[in-house]
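Residue numbers (our numbering), protein chains in the order written: chain A, 1 to 454; chain B, 455 to 783.
Misleading hints may appear alongside valid ones.
Pairs of lysine to aspartate or glutamate residues, derived as EDC-like cross-links and limited to a Cα-Cα distance of at most 20 Å, are as follows [to be verified]: (1) K627/B x D424/A; (2) K442/A x D424/A; (3) K179/A x E598/B; (4) K627/B x D183/A; (5) K627/B x D599/B.
Listed next, the stretches of chain A that the computed footprint assigns to chain B, with coverage defined by at least 3 CB atoms under 8 Å from CB atoms of chain B [claimed, not checked]: (6) 185 to 191; (7) 214 to 224; (8) 236 to 246; (9) 370 to 382.
Across the chosen pairs, the derived CB separations fall in these ranges [said to hold, decoys possible]: (10) K380/A x P770/B: 38 to 46 Å; (11) R713/B x P12/A: 20 to 28 Å; (12) R688/B x M219/A: 31 to 39 Å.
Derived from the structure by calculation, the hints contain no laboratory data.
No experiment lies behind these values; they were computed from the predicted model shown.
Using N, Cα and C, we set each Cβ at its ideal position, and we do this for glycine too.
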Amino acid sequence: MTIKILMPALSPTMEEGKLTKWLVKEGDTVESGDIMAEIETDKATMEFEAVDEGIISKILIPEGTENVAVNTPIAVLLEDGESLTENNNKKPTNIKATTPDPIINEKPQAPVKISSLIGIENIPEGTTFTATTVRDALRDAMAEEMRSNENVFLMGEEVAEYEGAYKVSQGLLDEFGAKRIIDTPITEHGFAGIAVGAAFGGLNPIVEFMTFNFALQAMDHIINSAAKTLYMSGGQMGAPMVFRGPNGAASRVGAQHSHCFAAWYAQIPGLKVVMPYSAADAKGLLKSAIRDPNPVIFLENEMLYGRSFDVPDLDDYTVPIGKAKIWREGDDVTLVSFGIGMQYALEAAEKLAEEGISAEVVDLRSLRPIDYDTLLNSVKKTNRCVTIEEGFPVGSIGNHLSAVIMERAFDYLDAPVINCTGKDVPMPYAANLEKLALVTTKEVIDAVKQVTYR
Amino acid sequence: MAATKKKLKPNVSSEELQKYYREMLLIRRFEEKAGQLYGMGHIGGFCHLYIGQEAVVVGLEAAAKDGDNRLTSYRDHAHMLACGLDPKGVMAELTGRKDGLSKGKGGSMHMFSKEKHFYGGHGIVAAQVPIGAGLALANQYRGEDSVTFTYFGDGAANQGQVYESFNMAALWKLPVIFVVENNRYAMGTSLQRAASTPDFYTRGEAFGITGAVVDGMDVLAVKAAGELAVAHCRAGNGPYVLEVKTYRYRGHSMSDPARYRSKEEVKKVKDNEDPIDMIKEMLTQGGHTTLDDLKKIDKEIKKIVQESADFAIVSPEPDLSELYTDILV
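Excised from the complex, chain A in its bound form:
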């Protein structure tokens, strides 16, 4: 009986990968546990072991092939006693997956283009763009700022020799050395405090949290030490630093690893908080955050790390903190979101356009300070608003925006503002429940129909 060997999913968010190298060739006998290939995931290069025993009868995907989707057959294995010729006449009857089922995501796979550069981007005419992943854009931002300011350094778990748990700091240790790319022990409370001290002492630390879920251990230093000291010292000293890392749900990692903290941090005076969606914004905002003399919370998203967007080919591309961006102009409703929520907003806008509903899509990008003017001007034009985020509903960013719109644009509203959020439950593990717990494009479309009375 032949067994098809399938491209494995080797990380929670992996959907495709590169088959870097075959370590077996056709005709080789393999035993369970033998390393057959090296596969580059969205996080690292991994060794792929055989599960079944037999003879490699055919390699279907040659080494060096990129973007091999998870569960694509990559080789055929003949079980003991079968011969190559026998097999040629047989139809494969039983395809045996060596890995779990693929992760189903609703998000678009094609690179998202910057659809609009309205307002504040200040990109010179004739600027060219390069498709860049969010992951690489973040790395480039850090590298550029480290080249121009020797007081900037990166510290966190696995940032140096491992090159980042999510490969964000790839290549930085090579370029900047161990003095400036510092691997810490797993001790968030302690190293966040050390970083705050270094910032008090005149350096500009970038603290990478492997995920913001773990920053709960460091919360006291972020809030009490970093955010409040400037005020408590009467303006004498503060913490010019960045806390960054993936925030919110990844994929199937359960309640303790899927929490969006946007609304928590946005509540704290003394912090700046940004949550970019695109690679260009990730790069431009991270550069601004590193230069900012205040503590900046920089919320990334694991699901977006591998996504490509056009990034302008400029030597020093920055995006100002506190400025929203209009991705798509429209007249009938304002969709306001940030971070990964933008994918639902943009998808919904696309589908609504097919039905003749014109949605304006506002990406807040910064959650402290919030660019209320851009939002309010949009709402005054469309008279309707739906907010979209993945975080919990109670005390959400959407709640706050609704209040501001009510206070400052009440007379312009033709319908109540609706908040589309993650559900009010700890994140479940089961695939179907997780999907249900997150905000969906359909919910956004339904909300728009409700506020437009369609």
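Got chain A sorted already, so can you dock chain B onto it with the hints?
Just chain B now, with coordinates in the frame of chain A:
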């Protein structure tokens, strides 16, 4: 306590002894005045007095040099006075006035001075410990030979972040002195009831950190121990744990009646181990100084403290516009 005394007393001049006497007396009189102003309603909130512990910070400041950092908990008035900050600015912060060190926006527990390398004034128990290690990291990063005196109490010594800091400070050889001011009580809980092992100077051992213990009522012993610690750190040997055994005469804060210990216990320390009495005795017994000379100093200190109190009461409250300043740079 006598058993832990280190006999490291070097020969000291009368001038030097007088200097320590003056500095310790300033702290004591300042704190007594703060207590009085608290009682009169001029100081609000929490107010943690340092009376009894004066020799710790005065002794260690004597071992410091320009450029060294210091930071501590909320029991911080003395650390500011000892590093040379103007008592008027400290007292005016206690009264919440515009001329306070933090423009009246920090209060008793939250004061800073970049100029004097005084990095707080931290209201969260033990938060200053990793921050101190981070200041040391900044010095090391820039290739400076400064050290950071990170003061914390026997209560804070049980916080997890202390050991996270010990680990990284040892791993990275950070020039930080972890000063455990062991005053025997974590608020109302005696160290016997809070600490599984009472010898805080041994708590760095697991991380390979050198530790020492010294009688914190003896300013010369503290200074000598501080010099050893400073030399260790400046030489690039990494962190150092210095336990300083001391005693606080007053309650944890102004609102603490201190019913968890006997009056006799307090009296015994006051009568037998008072750090100011000890140095007074040295000065007079050795014939270095007459009681009249000391009275003169007492008078000067009294005047300085009274002026700081007067200043702190007449200084206006911060302008209302200050509510929204200094939130972001």
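Hints and how they fare:
1. K627/B x D424/A: 46 Å, violated
2. K442/A x D424/A: Answer holds: K442/A to D424/A is near 18 Å, not above 20 Å.
3. K179/A x E598/B: Answer holds: K179/A to E598/B is near 15 Å, not above 20 Å.
4. K627/B x D183/A: The hint holds at about 14 Å.
5. K627/B x D599/B: 12 Å, holds
6. 185 to 191: As far as the segment 185 to 191 of chain A goes, the hint holds, because 5 residues have Cβ atoms under 8 Å from chain B.
7. 214 to 224: holds (count 3)
8. 236 to 246: holds (count 4)
9. 370 to 382: violated (count 0)
10. K380/A x P770/B: 38 to 46 Å: 43 Å, holds
11. R713/B x P12/A: 20 to 28 Å: Given a distance of about 55 Å, which is not inside 20 to 28 Å, the answer is violated.
12. R688/B x M219/A: 31 to 39 Å: 34 Å, holds
In summary, the numbered hints that this structure violates are 1, 9, 11.
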